[in-house]
Amino acid sequence: MSERIAEVTELVSSVLGLSSHAIDADASMENTPQWDSLAQLNICLAFQERFGTTMDMETIAQSTSVLKLAALLPS
Amino acid sequence: MKALLLSNINMQPLVAFLKPWDVTCGEFNSMFLDLANPASPAASGDFNHIFCLFDSDTVLGDALYGNGLPLQAESFLDALESFCAAHPDKIVVSHSFCLGSSRWLNYADMLHPLSLRAAETGLNGRLIAIARKNPNLLLFDMEVLFRRHGEDALLSVPMWYLGRIRYSNQMFRALAALMHEAVDAYANRSRKVLILDLDNTLWGGIVGEAGPLGIALSEDGPGRCYRDLQRAIKAIQRTGILLAISSKNNPRDVDEVFDRNPMMVLRREDFACIRANWDPKPQNILDIAETLNLGADSFVFIDDSPVERELVAAAIAGIAVPEFPKHVENLPTWLLREVAPNYFGKYSITAEDAGKTGQYRANEERRQLSRTLDLDVFLRDLQIECVIHVDPVEQVNRIAQMTQKTNQFNLTTRRYEVPQIRKFLESQEHAVILLEYKDRFGSEGSVGLAILDYAGGRIDTFLMSCRVIGRKVEDRMLETICELFAKRGLNRISGEFIPTAKNQQVARFYETHGFSLLSEQADGRKNYQRSLA
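Protein chains in written order, with our numbering: chain A, 1 to 75; chain B, 1 to 533.
Since the hints were derived computationally from the structure, they do not count as laboratory data.
Quick reminder that beta carbons are idealized off the backbone N, C-alpha and C, glycines included.
Each hint should be verified, as a subset may be incorrect.
[Unchecked claim] Ranges between beta-carbon positions, derived for each pair: (1) Ala25(A) to Ser102(B): 51 to 59 Å; (2) Ala71(A) to Ala177(B): 50 to 58 Å; (3) Ser218(B) to Met57(A): 36 to 44 Å; (4) Ala25(A) to Arg337(B): 26 to 34 Å.
[Stated by the list, open to error] SDA-like mimics (lysine to any residue), calculated; alpha carbons at most 25 Å apart, straight line: (5) Lys2(B) to Leu16(A); (6) Lys19(B) to Ser37(A); (7) Lys487(B) to Tyr454(B); (8) Lys19(B) to Glu7(A); (9) Lys19(B) to Gln34(A); (10) Lys19(B) to Phe51(A); (11) Lys19(B) to Ser19(A); (12) Lys405(B) to Ala235(B); (13) Lys19(B) to Arg50(A); (14) Lys19(B) to Gln48(A); (15) Lys423(B) to Ala85(B); (16) Lys19(B) to Thr59(A); (17) Lys19(B) to Ala22(A); (18) Lys326(B) to Gln48(A); (19) Lys472(B) to Phe51(A); (20) Lys19(B) to His21(A); (21) Lys19(B) to Leu11(A); (22) Lys68(A) to Gly457(B); (23) Lys19(B) to Lys68(A); (24) Lys19(B) to Ala46(A); (25) Lys68(A) to Tyr454(B).
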């Protein structure tokens, strides 16, 4: 699981244009200023491409933290 | 490039994929307003490229659901047309209409008066007409992406309802790659020569072992992979690319294939140069470069052998050596889908392009003649005829192409794109001189180009195709230029030489044509003047 979390953290920081240690596993829309609603869509676009999954509208709207995104992946 | 991205949907995610281009995203859904409003950012001097990437379903509005004709799409085309005409100096990049596959009429869509399929065809017809009239509109075919990758993979329905984002990242990636290729093609950044191996490349098997009729090359069965590959190569040649052969073979075996195998699509005369021998390939390729008078950095080399590919790539700077497909059935698609758009991308094909191989082959024959005669006799014997055109507006594409591609006999090497050439053609303060060449071996088409700046009394551009170098055609063009300047009442003209890595052969051109040196700068630029009295 921790490997998945690290991968998601890296993906999120890259979409947000931040250096990879600027955010950690606890990062979310609430505590990261760059993570606004448009960024959330960009993160989910990149997430779906990277992990070959599809997300429905509700999942996209709710998966607003590194941990919630990582939880979508098979462990 | 400074580009502004306009759309009627949220295309912001594309910006990251378009790097290294400097792209600014317009306001959300500002496309109509930006095109129509003369005070908009698109109309300002801040951007030289305008990307107009629209969502076809959205442009159709309620017409998508059968509520009347697609009038909104027509007014978008009106706005696009006026914008292109009002800003000939900007390159506008847009694409064909491509409606989604979910259609209210379902099976009735083919024949119904409100058919979406028919509407799409009609709108695309008008779009193409606009692009024909406005060469600064660069159109690409959006449908190609949907056919290749599939609608389900490219669209992202949840993103559409959450944020007006229509596409998946797969689409943004593919779209960005297509746009990079299209813009390169528009700027004429194509390579010039395709060098081909023979055994297991143009046909299956080894001719030295299987014989001219034993190689795999046929209309049925796996031999068709090679025959279709040859068809695709022939098609690329029609766009103005020269073909050459570099093969380790006995020349007689190769001759026999050309003479006796009826399945060969490519004939001997399709190749500007054939080198079938046992010398190392890099040596043959350099020899081809010398014969054609073209730099090997404009070559693409195709060979099934990884050893030969590595050898050539290591020995010849700048040559492109694409990987060869693992499975022969992929050969034709690979050539058309990857090699052609990557290295031989063309946006417009000129009449010169279609006849290029013939011109280079005629050059070989002329060279044979020049070996046996002294220069003056040779030139007289050629029966050269030159026609000089002033401001030939219909040749705008060819003229831009010449400034982009001519390296050797080019005094200033200024590269221009179509919009800039159009300005020169239309301006009273400039003249564009195009020289057409013909001799007893055939027509070379347009080979000489000069751009004159009357206001500055200077020759901005003076270039000749390397195909006619050494035939004193440049003297005739310079004479005409002097006459034109004299007619405008000027009594002296100036010219410059700007050195590049490739134009040393014309470093002393002005000196030997009655000009005197005025100044020389540290970077080697020289300014000259000649009196017209």
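Structure-based check of each hint:
no.	hint	result
1	Ala25(A) to Ser102(B): 51 to 59 Å	40 Å, violated
2	Ala71(A) to Ala177(B): 50 to 58 Å	33 Å, violated
3	Ser218(B) to Met57(A): 36 to 44 Å	53 Å, violated
4	Ala25(A) to Arg337(B): 26 to 34 Å	42 Å, violated
5	Lys2(B) to Leu16(A)	23 Å, holds
6	Lys19(B) to Ser37(A)	23 Å, holds
7	Lys487(B) to Tyr454(B)	11 Å, holds
8	Lys19(B) to Glu7(A)	23 Å, holds
9	Lys19(B) to Gln34(A)	21 Å, holds
10	Lys19(B) to Phe51(A)	23 Å, holds
11	Lys19(B) to Ser19(A)	18 Å, holds
12	Lys405(B) to Ala235(B)	21 Å, holds
13	Lys19(B) to Arg50(A)	19 Å, holds
14	Lys19(B) to Gln48(A)	21 Å, holds
15	Lys423(B) to Ala85(B)	12 Å, holds
16	Lys19(B) to Thr59(A)	30 Å, violated
17	Lys19(B) to Ala22(A)	23 Å, holds
18	Lys326(B) to Gln48(A)	30 Å, violated
19	Lys472(B) to Phe51(A)	65 Å, violated
20	Lys19(B) to His21(A)	24 Å, holds
21	Lys19(B) to Leu11(A)	18 Å, holds
22	Lys68(A) to Gly457(B)	70 Å, violated
23	Lys19(B) to Lys68(A)	30 Å, violated
24	Lys19(B) to Ala46(A)	16 Å, holds
25	Lys68(A) to Tyr454(B)	69 Å, violated
In terms of the numbered hints stated before, the structure departs from hints 1, 2, 3, 4, 16, 18, 19, 22, 23 and 25, listed from lowest to highest.
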